[in-house]
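2 protein chains.
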Amino acid sequence: MRAAIIDGKGIAAQMRSENATEARELAEQGWQPRLVSISVGDTAAAELYVRNQQKTAESSGVEFEARNYPETISMEQLVGVLHGLNADPRVNGIIIQRPLPAHIPVKTLQKAVHPLKDVEGMHPSSIGNIVYNDLALGPCTAVAAVEILKTLPLKLEGLDVTVIGHSEIVGKPIAFLLMGLGATVTVCHHMTRSVAMHSRAADAVFVAVGKPGLVTGDMLKPGAALIDIGINRVDGKTVGDADFDSCAEVAGWITPVPGGVGPVTVATLMKNAVLATRLQMAHYRAAFANTEA
Amino acid sequence: MRAAIIDGKGIAAQMRSENATEARELAEQGWQPRLVSISVGDTAAAELYVRNQQKTAESSGVEFEARNYPETISMEQLVGVLHGLNADPRVNGIIIQRPLPAHIPVKTLQKAVHPLKDVEGMHPSSIGNIVYNDLALGPCTAVAAVEILKTLPLKLEGLDVTVIGHSEIVGKPIAFLLMGLGATVTVCHHMTRSVAMHSRAADAVFVAVGKPGLVTGDMLKPGAALIDIGINRVDGKTVGDADFDSCAEVAGWITPVPGGVGPVTVATLMKNAVLATRLQMAHYRAAFANTEA
Chain A
1 MRAAIIDGKG IAAQMRSENA TEARELAEQG WQPRLVSISV GDTAAAELYV RNQQKTAESS
61 GVEFEARNYP ETISMEQLVG VLHGLNADPR VNGIIIQRPL PAHIPVKTLQ KAVHPLKDVE
121 GMHPSSIGNI VYNDLALGPC TAVAAVEILK TLPLKLEGLD VTVIGHSEIV GKPIAFLLMG
181 LGATVTVCHH MTRSVAMHSR AADAVFVAVG KPGLVTGDML KPGAALIDIG INRVDGKTVG
241 DADFDSCAEV AGWITPVPGG VGPVTVATLM KNAVLATRLQ MAHYRAAFAN TEA
Chain B
1 MRAAIIDGKG IAAQMRSENA TEARELAEQG WQPRLVSISV GDTAAAELYV RNQQKTAESS
61 GVEFEARNYP ETISMEQLVG VLHGLNADPR VNGIIIQRPL PAHIPVKTLQ KAVHPLKDVE
121 GMHPSSIGNI VYNDLALGPC TAVAAVEILK TLPLKLEGLD VTVIGHSEIV GKPIAFLLMG
181 LGATVTVCHH MTRSVAMHSR AADAVFVAVG KPGLVTGDML KPGAALIDIG INRVDGKTVG
241 DADFDSCAEV AGWITPVPGG VGPVTVATLM KNAVLATRLQ MAHYRAAFAN TEA
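For the protein sequence lines, the chains are A and B, in the order given.
Sequential numbering of the first sequence, starting at 1, is according to UniProt numbering.
Sequential numbering of the second sequence, starting at 1, is according to UniProt numbering.
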């Protein structure tokens, strides 16, 4: 094996510790960062994920409240709940856990979260601000994947990068983030004629499709960085979208799954919580600076 | 010359005529589409452009009012004007003419236009909606360039496209629009190591940089489509970013400058005006459908 394995857990630990320091500073000014997680109905699918967020929050200096609403709640009631949380100064960020029941479209909820409390970075205006290179709160997984690339000794300006997968919340935001950093980006997907042609030309490859074994070693340029965002269950084991063994023979750096992008994503959520709190503090101060009301 | 020259004026004329029909239908329901153009200070630079918009509006069934404010107006006053227009049911779209004086940042104004009246498609949430493939009002030049590609006998799914230029309002939105249509898109810019390597691999090339002669015939794959979005003045003549003569020898289709993307862009602005009016009508009806208030 030639590839260096990227230590996602180590990167996440460093981020949590920096976060905790920042959160403490905010708390001293009356702005203790605090997240509310919303899940609806049977939570078995999301439970492990929520517990993991809760644990990461604790070590990141962020308070975390998990709320569960019954399956029978209506869309209108749930939007009302979100409006209440938007207006509550004790809540700095709102997480909407998926899956949701069929009668509750996730996009409607995402749009109902105030952009300044949108710690998941899912609101259309959060996404639009990424395009404008004016990054406030970005989608966590995409931001985490790019943060990992930044830890490598590669010059991002002019770097040829191929992103495989063009979902709105992962592939596309990764592409804009990288464009903003000066990379030359190609986005491939299920309609692309030859993914290998594009991936082989790239200095770094991101894959976020949800297909185990999609990327194999022969699809990589020797020495390239491979950031694997896939999370799949195969024979009771969690694996990414890359065939790890063959890719590790060719790549220069590779993220493991688990232990790669995953932990950095949760740490990024907490970083967004701290950033959201800071933005809200600035917004509050601007609003109250005018003593004439 | 082997390339077919794309008739931007003809495409625009067709769009204007369809628009006029739609605008008439809206007017019959009490929703005559109407645009307000805002310019500030000395308008010499924008005047030709505004007059052109006014003329296109007339043949598209859209009312058009050009307002000019003195150079001395403050940012706060201008935002107040925009809020007034947002609240005015007789105004369906707001155009902010550039250039603006230095004390008025264009982004602040763009954010102050209500997303439903953002006929230029510049609001962060308009841009974010493109990423979400939920196109309401898109940035006119980008939408126009993609509309032109759609008129060619090319299958967009799987098409390899290279976009040269990664501005927020042209290059990047073209990239998302094309991704949404199934193309495999590479975005190049001034930091790209070899633009030619990427452009030569593409079935269609979009260029929006503002450098005359940037794209030459040897940078194209034979038979490729070339959509030239550049507008430059050279020796008193208007030219695009492509070296027209050498590109026309190699390309299968090419847009002329002037007479290519330009007229389609202004027609797209009018299409956005009609669409914005339609969205506002739906919004109004939804708000007044609840008789309990």
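In short, the hints are calculated from the structure, not lab data.
Some hints could be false.
25 Å max Cα-Cα, derived SDA-like pairs, lysine to any residue [said to hold, decoys possible]:
| hint | chain 1 | residue 1 | chain 2 | residue 2 |
| --- | --- | --- | --- | --- |
| 1 | B | K150 | A | A45 |
| 2 | B | K9 | B | D235 |
| 3 | B | K107 | A | H190 |
| 4 | B | K155 | A | R193 |
| 5 | B | K155 | B | K111 |
Where chain A lies over chain B, by a calculated footprint (3+ residues, C-beta under 8 Å) [claimed, not checked]:
| hint | segment |
| --- | --- |
| 6 | 115-125 |
| 7 | 157-164 |
| 8 | 189-195 |
We treat Cβ as the ideally placed atom computed from N, Cα and C, and that holds for glycine.
Hint check results:
Note on K150 (chain B) and A45 (chain A): the hinted pairing is violated, with a Cα-Cα distance of about 42 Å set against a maximum of 25 Å. Only pairs whose Cα atoms come within 25 Å are accepted, and K9 (chain B) paired with D235 (chain B) is accepted, the gap being roughly 24 Å. Among the hinted pairs, K107 (chain B) with H190 (chain A) is inconsistent with the structure: their alpha-carbon atoms are about 36 Å apart, more than 25 Å. A C-alpha spacing of about 12 Å is found between K155 (chain B) and R193 (chain A), which places the hinted pair at or below 25 Å, so the restraint holds.
Distance restraint check for K155 (chain B) and K111 (chain B): the Cα-Cα separation of roughly 36 Å exceeds the 25 Å cut-off, and the hinted pair is therefore not satisfied. Judged by the Cβ-Cβ criterion of 8 Å, the segment 115-125 of chain B is covered by chain A as claimed, because 3 of its residues qualify and three suffice. Requiring three or more residues with a Cβ within less than 8 Å of a Cβ of chain A, the coverage given for the segment 157-164 of chain B holds, as 3 such residues are present. For the segment 189-195 of chain B, the proposed coverage by chain A is satisfied: 4 residues have a C-beta within less than 8 Å of a C-beta in that chain, meeting the threshold of three.
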